[in-house]
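J.: Sequences and hints are given; from them, build the entire structure.
Protein chains: 2
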Amino acid sequence: MDVSQVISSINKKNEKGISELYLVACGGSLVDMYPSKYFLESEAKSVVTGLYTANEFVHATPKRLNENSVVIVCSHGGNTPESVEAAKISMELGAQTIGLTHNKDANLLKYSNHAFLYEWGAESDVKNNPMAIILKLAVEVLNVTEEYVYYEAFKDGMEKINEIIKNGEELVEERARVFANRYQKEDLFYVLSSGASYGHAYGFSICSLMEMQWLNAAPIHSGEYFHGPFEVTDKEIPFILMMNEGRTRPLDERAQAFLDKYAEKVEVVDAKELGISKIREEVVEFFNPVLFYSILCVYREALAEVRKHPLETRRYMGKVSY
Amino acid sequence: MDVSQVISSINKKNEKGISELYLVACGGSLVDMYPSKYFLESEAKSVVTGLYTANEFVHATPKRLNENSVVIVCSHGGNTPESVEAAKISMELGAQTIGLTHNKDANLLKYSNHAFLYEWGAESDVKNNPMAIILKLAVEVLNVTEEYVYYEAFKDGMEKINEIIKNGEELVEERARVFANRYQKEDLFYVLSSGASYGHAYGFSICSLMEMQWLNAAPIHSGEYFHGPFEVTDKEIPFILMMNEGRTRPLDERAQAFLDKYAEKVEVVDAKELGISKIREEVVEFFNPVLFYSILCVYREALAEVRKHPLETRRYMGKVSY
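Listed in order, the protein sequences are those of chains Z and R. Position in the first sequence counted from 1, then plus 591, gives you this note's numbering. Position in the second sequence counted from 1, then plus 591, gives you this note's numbering.
Be aware that one or more of the hints could be misleading.
Because identical chains share one entry, a pair is satisfied inside a single copy or across any pair of copies.
[As the list claims (entries may be wrong)] Keeping only pairs whose Cα atoms sit at most 30 Å apart, straight-line, the calculated DSS-like set for lysine-lysine is:
| id | residue 1 | residue 2 |
| --- | --- | --- |
| 1 | Lys-751 | Lys-654 |
| 2 | Lys-604 | Lys-654 |
| 3 | Lys-718 | Lys-604 |
| 4 | Lys-604 | Lys-636 |
| 5 | Lys-603 | Lys-746 |
| 6 | Lys-636 | Lys-654 |
| 7 | Lys-636 | Lys-603 |
| 8 | Lys-826 | Lys-899 |
| 9 | Lys-852 | Lys-899 |
No lab work stands behind these hints: they were computed from the structure.
T.: Listed below in C-alpha cells is the structure:
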C-alpha cells in the first residue's frame, strides 16, 4: 500500500477521522521526523502533532492519545526496545500505528497496523527513504483532514528532490574535501539552522559528529543564536551553517552576517545555491532538510576519511549493555 | 489581575473558549516556557500548545493561530524586537496576547492584551518568577478548558516549591564550590535531563555556560543520550545530570548508570535528594525545572567566581549590532 492509501484507510476508520499524528522514535530516526512536525505545526488547522523521543513517550504518554490518533514509529533496525514499546502502548490505547523500518523481521512490525519497509543506501531514491516517507504521510494526513492547498506542488517537489540532491552532491564533493582537510584537528562543531532543518542541525550533531566521529557537537537554532549561544563565537570555534530556502531564510542570513564578522571557521551549506529553488516556493522550505541530509553525508564521509575514523566505528552502541 | 482571572476572562471572550496556547520567546525566556509546553502536551486532551523561538514564529506563523488562541510572549527587558513583533502579529491575527516582562516601560506591553510585570532576583519568591507564572497560566488554561484533576495538588506544590528551593540551595552550596574548583579548567560541558526539565538542560547550556561563561556546552535529552550522543563519553568529558522526580526519572537513572560506568567527570543534581518529594507525586514532575533553575544558579555563581568571569560579562549581547 502506498502512503496515500494507508492514510485514507485510517481516516475512514473512525467517524471523526484522524485528530492527532504522533511522531515517535530515537536518535537518527527521530531526526527524520522533525520536518513533519514542523510541517504540521506550521500548516495544519485541525490535526495536532507531537514529536517524542520514544522512552519519554513510553513513560509520559500524552493523555490526548486516543483511537483517532495515528502514531508513526520509526526504527532502522526495528528492535529498539523503547520504540517497540511505544508502538505497543499506542496500539493498546487504540491508536493506529504505522511502523517504518529497514528490517523485515523487526519486532516493531508486531505492533504496526501499517508498515513501510523502506529503502536505504546511497543508491536509493531519497523519496523512498524514511524522512521523505514520513513527510509524505504527514502531507496526506493534512490533505485528508482539511485539504492541503499545495498538495500538488508538494508532490511535484518530491519528484524533483532526488535529482537536485544528485547535482548538489557533485557540487560539494571538492568543498567537502577542503572542509575535511581544514577542520580535521577540530574537536567541536556548532551546527546552525532553522525551520524544517533545525532537526537536521540536531541530527548532524548527534549522529554524524558525536556518534560516528566521537566529536563534540551541538545544534543551535539560527533564531536562538543571538540570545545566548553567540557569546562563545570567536575566530577559533567552527560553525556549520545550513541555510534554508523559504520563510526562515532571514534567520539563517542573520546568523551568517554575524559569523562573517566575528568568526573565521565557518562552513556555509546553502540550499538555494545548491539548486533547491527548482521546487515551488510555497513548499520548498519543507525539502531543505531532505537535501541537507544527503549533502552533509558527503561532508561526514570526507571528514571520516581524512580523520581515519570510519563512520561505522562504535565503542558502546551495540557493543556494551545499556 | 491574577493568572486565574486573566485566563477565565479570556476563556469567556469567545464562544469556543481557548483552543491554543502558544509560548513564544527567545533564549532564557523561551527556556522558562518549556515546562508549560511539556505540561500541556502531556496532560491536555483539548487545548493545543506550541513552543516557538520568536523569530521563527514571526517568519513562519502557524496557520492554526486564530481568535481563540492565546499567545504568551515573555521578554525580560521587554524590547527584544522579534518578541515584540510576535506579540504584534498575534494581536493583528485576533489572538489574545499575554506579555511577561520585568520592564514596566517595555514595548512588549503595547501589544499585550494582558500583562504581568514579574519579580526578579534572589530575594523574590519563585512563584512570582516567569517560569512559575507561565506554568500557572498553562494550568489555568487546562483547568478552564477541561478541568485539571490535579489542580489543587498543583496549587499546593506552588506554595511549597520556594521553601524546598531555599533548603536545596543551602544543601548544594558546598558541593557547588567543590564542582567549580574541580571543573574550573574545563571548556565544555554536556547537560542531561528529561521530561519537564529538558528545557532547562538547554537553558543551562545556552544561558549559564555559553552566554555567561563563554564555555562550550550542549544539552542532551536523557532518553536520546543512548542513540548517538553517548559515543563521545569518556573519562575526560564533563557531564551535568539533572535527575527528575516523577515519570521520566527512569530515563535519567539509565543515563546515570551508564555514566557511572564509563565517565568520571559527572555532577549529579538530584531533585529527589534535594527534597522535592514534599510535592504530591501526581504533579511533582512539573516542578523539577523550577527547582533546577535556582539550584544550578548556585553552581554557575561558584563557577563564575573561581573562573573570575563575572556572570554579567558580555562581548556581543547589547554591545554590538546584530
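J.: Against each hint, give a clear statement of whether it holds in the structure.
T.: Results of checking the hints against the structure:
no.: 1; hint: Lys-751 with Lys-654; verdict: between (39 Å within a copy, 26 Å between copies)
no.: 2; hint: Lys-604 with Lys-654; verdict: both (21 Å within a copy, 27 Å between copies)
no.: 3; hint: Lys-718 with Lys-604; verdict: within (27 Å within a copy, 46 Å between copies)
no.: 4; hint: Lys-604 with Lys-636; verdict: both (21 Å within a copy, 21 Å between copies)
no.: 5; hint: Lys-603 with Lys-746; verdict: within (22 Å within a copy, 42 Å between copies)
no.: 6; hint: Lys-636 with Lys-654; verdict: both (20 Å within a copy, 6 Å between copies)
no.: 7; hint: Lys-636 with Lys-603; verdict: both (19 Å within a copy, 22 Å between copies)
no.: 8; hint: Lys-826 with Lys-899; verdict: both (26 Å within a copy, 22 Å between copies)
no.: 9; hint: Lys-852 with Lys-899; verdict: between (33 Å within a copy, 27 Å between copies)
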